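S.K.: For this one, chain A is given, so just place chain B on it according to the hints.
Chain by chain, the residues run as shown.
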Amino acid sequence: MAEKPREEKGISRRDMLKTAGAAGAAALIPVPLDASTTVGALEKTSTELLAAAPAGPLMNLTAHETEILSAMVDRLIPSDEMGPGALDAGALRYIDRALSEAESDAAEAYRNGLTALDRYSEYSRGKPFTELGDKEQDSVLIDLQTGSATGAGVGFVGSSGAFFNMVKSHTWQGVFGDPQYGGNVNFTGWDLINYPGVRMRVSREEQRRLEEDQLEPVRRSAYDFEQFQAGEED
Amino acid sequence: MSQLTQIPVRVAGIGILATCIVTAEIDAQSPTTFIVESPTMTTGEMMPRDYSPDGRNMSPPLRWRGLPEGTRQIAVICQDHGAGNPPPWVHWIIYNISGTADGLPTGLPFDSSEPMPRGLEGAVHGNNGWGLPMYRGPAPPGNSLHHYDFAVFALDEELNLPPGLDREELLEAIDGHVIGRGDMVPIYRRQRADSVSTVN
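As they're listed, the protein sequences go chains A and B.
With my numbering applied, the first sequence covers 345 to 578.
With my numbering applied, the second sequence covers 155 to 354.
Calculated from the structure, these hints are not laboratory results.
A couple of the hints might just be wrong.
[Claimed, not checked] Label-pair distances were calculated between CB atoms; the ranges are: (1) B:T186 with A:N538: 51 to 57 Å; (2) A:E556 with B:N314: 32 to 38 Å; (3) A:Q551 with B:E312: 44 to 50 Å; (4) B:P295 with A:M544: 50 to 56 Å; (5) A:N509 with B:R272: 36 to 42 Å.
These numbers were taken from a predicted model, which means no experiment stands behind them.
The beta-carbon is built from N, C-alpha and C at its ideal position, and this holds for glycine as well.
With the rest of the complex left out, here is chain A (with noise of 0.2 Å):
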């Protein structure tokens, strides 16, 4: 299986990822090609066919939940002049899919928690969370964060901060965690860390092109390894 090429000088992933303007479109962003690109760079690996995966509904959560979701999950990990985002990386779609499977004991706590979220930013800055700012979307998450946003009929099932710290740690996980998971679309949360990507064996000289930030990532979910199969029956 052929690593991704990485993209040419002077097109930024960033610029790409602004121009497809949304996490499903970014999954389908075209691998530039130039002279060295072989027909093995083309092969598509698993992961690539998961990312490029029709972006339909959610299916644990209703529009209007998927909404106040997707809203919280772009302030966690907002694109912006860093690179793209956390809806750029596929968090929102990796999420629900955990929600029907790993954290399916979650689902619960996002509706409730969403709910209190919305209800919470009506109560204290008298509009629904998709309709303020960004910062006072900040502002609100900074409250959920600290465990101040408990006033009067706001309804957070325990404190608002564990309901922040789950949906931070998910938006973590889709967008740093393993392609395999329907997060990190394209590569992209590794590549915003710059993270080297995962290897059966280091050489010496890779070992020495790392420690001079030379060395080439690999763009692989570890489950395109032989070592790694997900989920296959004996």
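M.R.: Chain B alone, transformed into the frame defined by chain A:
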């Protein structure tokens, strides 16, 4: 480092404050008391909800006058002596404020990448009780009523301290440089959205 002394802070004669003994860890040699006030709140009275998470959670405006001669820089701490383990719980720390400043406007940026308003260049936030370098307003539990001490320290030197100090680190850093202090201690209880004490 000079000997720290616990001295009672002289605040306005509000009876309710008799239950709230505020102590100051400042140099005992010559601290001058000066006036701290605000156009929107005062000692012993309810803070507007916009300075709390019941409202917009923006930092309140402060004014001070009667600073001692020789004031070079100013530091501000907002603390709740009735919360925290151990108390106080810190809501706000800001320092490196020019000694020529006569107060703070409302709504200081909570994003450190945003510039401070004109006249406050160089001022930086310390870390509050949540470990965040910003103002976060009062949110006392249940229906309880808490006192919020806005303590303003006049310093005899431009210390230009690094951002992100917590209360203990700041007090240690300014120890021996405090030539005056003023306090304003409004109160707060969680309010409903339709309460009247909103700042426009």
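S.K.: Which hints from the list above does the structure break, by number from lowest to highest?
M.R.: none
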